[in-house]
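Asks: Below, each chain spelled out in residue letters.
Protein chains: 2
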Amino acid sequence: MKVLRSNKNPIIKPEDVAPSGPDLKVIGVFNCGAVKFNGEILLLMRVAEAPECDRTDIVKVPMLDIETNSIVIKEFKKTDKNIDICDPRVIKADQKNYLTSISHFRIARSKNGIDFKIDKKPAMFPENIFERFGIEDPRITEIDGVYYIGYSAVSDITGITVCLASTCDFVSFKRHGIIFLPDNKDFALFPEKIGGKYYAFNRPSSSDFGIKDMWISQSDDLLSWGNHKIMMTGGEGFWDDGRIGCGAVPFKIKEGWLEIYHGASKDDKYCLGAALLDINDPSKIISRSYNPIMEPEKPYEKIGFVNNVVFTCGAFCEDGIVKIYYGAADKYIAYAEIGLIEILGSLK
Amino acid sequence: MKVLRSNKNPIIKPEDVAPSGPDLKVIGVFNCGAVKFNGEILLLMRVAEAPECDRTDIVKVPMLDIETNSIVIKEFKKTDKNIDICDPRVIKADQKNYLTSISHFRIARSKNGIDFKIDKKPAMFPENIFERFGIEDPRITEIDGVYYIGYSAVSDITGITVCLASTCDFVSFKRHGIIFLPDNKDFALFPEKIGGKYYAFNRPSSSDFGIKDMWISQSDDLLSWGNHKIMMTGGEGFWDDGRIGCGAVPFKIKEGWLEIYHGASKDDKYCLGAALLDINDPSKIISRSYNPIMEPEKPYEKIGFVNNVVFTCGAFCEDGIVKIYYGAADKYIAYAEIGLIEILGSLK
Chain A
20 MKVLRSNKNP IIKPEDVAPS GPDLKVIGVF NCGAVKFNGE ILLLMRVAEA
70 PECDRTDIVK VPMLDIETNS IVIKEFKKTD KNIDICDPRV IKADQKNYLT
120 SISHFRIARS KNGIDFKIDK KPAMFPENIF ERFGIEDPRI TEIDGVYYIG
170 YSAVSDITGI TVCLASTCDF VSFKRHGIIF LPDNKDFALF PEKIGGKYYA
220 FNRPSSSDFG IKDMWISQSD DLLSWGNHKI MMTGGEGFWD DGRIGCGAVP
270 FKIKEGWLEI YHGASKDDKY CLGAALLDIN DPSKIISRSY NPIMEPEKPY
320 EKIGFVNNVV FTCGAFCEDG IVKIYYGAAD KYIAYAEIGL IEILGSLK
Chain B
20 MKVLRSNKNP IIKPEDVAPS GPDLKVIGVF NCGAVKFNGE ILLLMRVAEA
70 PECDRTDIVK VPMLDIETNS IVIKEFKKTD KNIDICDPRV IKADQKNYLT
120 SISHFRIARS KNGIDFKIDK KPAMFPENIF ERFGIEDPRI TEIDGVYYIG
170 YSAVSDITGI TVCLASTCDF VSFKRHGIIF LPDNKDFALF PEKIGGKYYA
220 FNRPSSSDFG IKDMWISQSD DLLSWGNHKI MMTGGEGFWD DGRIGCGAVP
270 FKIKEGWLEI YHGASKDDKY CLGAALLDIN DPSKIISRSY NPIMEPEKPY
320 EKIGFVNNVV FTCGAFCEDG IVKIYYGAAD KYIAYAEIGL IEILGSLK
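Protein sequences, first through last, are from chains A and B.
Each residue of the first sequence is one higher than the one before, counting from 20 in our numbering.
Each residue of the second sequence is one higher than the one before, counting from 20 in our numbering.
It should be emphasised that the hints constitute simulated quantities derived from the structure, not laboratory data.
Be a bit skeptical, because a hint or two may be false.
The list makes no distinction among identical chains, and a pair is therefore deemed to hold if it is satisfied within one copy or across any two copies.
[Unchecked claim] In silico DSS-like pairs for lysine-lysine, Cα to Cα no more than 25 angstroms straight-line:
(1) Lys55 with Lys27
(2) Lys96 with Lys44
(3) Lys216 with Lys193
(4) Lys115 with Lys248
(5) Lys273 with Lys367
(6) Lys285 with Lys111
(7) Lys55 with Lys193
Work out the full structure: start from the sequences and follow the hints.
Replies: Next comes the structure, spelled out in structure tokens:
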């Protein structure tokens, strides 16, 4: 597959983003929703922040304190035998999991889609019980002038849920609460009703059966969801045999709906694939990637906060070119283009 | 708490139930929905069956084969180092989990509520991809002459989901598919609309955060669910600090809605508690059990397929008496009565 990466990649780096508070440092700016808004490309970016820490014997975890509506820091001694710090993202302590960073959403804007101006302040910041450990991986879908934002809310009290927000101006955001129960993530809303129903991808988890597959659900009002169908599973021994979930918001082409999704292998290499879905019933797959359309190759994709990750939450198709904004190694935002004909030709 | 157990307990035992097929034996008849129907008490019972096996060196697991719509048996050698048979309910092999038994639903009827006549054939039997490993823990709610049955469907492909079925006659049953995504169980539908909405308890799981709490959700049509609220969590160091979920279908009393729920301690002792909920907004808890209202005490509750379990899916309140049908040790059905005033007096 011929992937044309921007020669300015990574186009946005952690040092480009101002921290949201004095005790925090930005350690990652990566998975971002992408829309055209007011003649510009607007990215709603996941910004991950960790507490400043000048001591090597302790590890600090940030979380939202609901009562004061502020970030509080919890400290663990690295020598404590009851804690597990193997995974850079998670501290396991006393049978509980904590995240080493907390994410919020920040806006970046660009005329040319490559050079971005980044807001100094967060657009959406964790603010309720569902968001105690952060908000992650926003995907934006415009329907009739309203921009719906589906995202993962992470909390030690309510697990990983899918929440919905909306905005008309990207200045004020209205939260609509939980729409998918824990654990669920990777929600992407289709940009129009199909057969009178809203459709969305989502990715529930079954811990008892170790399943992380891509489902599609229906709704009349965007708030209550039903008619759930399991849609795509990874192939044993294939590039996506670890887990699979949606990526970009799907877009319509004359052949059907095209979805750029993510799959991870059992050794946690995250790649992108594509699936062509029936125009009238997007739960029906016409064809999908046998091999990834894009995989981690460049240094900024192979080495970061989590190595070997390309992951998209937003892509467009213009003039036969699929334009992909993607998170690289859970640290950077990068940009790539792939010919639509080439993607379609690769599907089986 | 004064609990009056039937002196005929356990009122239904595995040997009372005819196997559904020649190669299966009934190893448990336990969690049952309970309704009054045609002047009788009708139980819809979970019947667990395991493959007949006269060899001691192998273990057999049953599952539904979708293509032939029949039960097939998979065998494992006990000496195989790649399998884990510590838990009598589960075989872990090659990173997959299998259940050692497969459950279906069977009807029992009684004039006096104690002496039951048991159908020879299943009422509902696993029949689709969501039910490959069985159907479990039915709860029955009557609304306007339709009996809705919410149950757990277990599958290696789709995890543990909540499915809905309905019947008007307990002869033919219509399936309505998945209503809660994996992993979710312990669904109980309220017997009337409240403020124009259907309400139901359900129990999602968060594997990443080890959370198994009781939620309440709303619906307009019983098929799409939203406005999810976390409702009750177990108390650290209390009898329900392992996990918590609904039990019986809630019933209305003059003080509000009364729910008999289950909680398990971290060492897996399953007890029953009670919660009084606001009559107009059942997501609001007025009071709940500080101590269990019932716990495993009798031999049939303490020793069975899973020891130390009392678990209810169906209870009535009549003449100030709460009448509870319950699964004992995941093996038997038993019956107990508790005075309503006594339950209410124990709530904090």
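Asks: Now tell me if each hint is right for this structure.
Replies: Outcome of the hint check:
{"no.": "1", "hint": "Lys55 with Lys27", "verdict": "within (21 angstroms within a copy, 71 angstroms between copies)"}
{"no.": "2", "hint": "Lys96 with Lys44", "verdict": "within (20 angstroms within a copy, 54 angstroms between copies)"}
{"no.": "3", "hint": "Lys216 with Lys193", "verdict": "both (22 angstroms within a copy, 23 angstroms between copies)"}
{"no.": "4", "hint": "Lys115 with Lys248", "verdict": "between (32 angstroms within a copy, 22 angstroms between copies)"}
{"no.": "5", "hint": "Lys273 with Lys367", "verdict": "within (18 angstroms within a copy, 62 angstroms between copies)"}
{"no.": "6", "hint": "Lys285 with Lys111", "verdict": "both (21 angstroms within a copy, 18 angstroms between copies)"}
{"no.": "7", "hint": "Lys55 with Lys193", "verdict": "within (20 angstroms within a copy, 46 angstroms between copies)"}
Against the hints set out earlier in the document, no violation occurs for any number.
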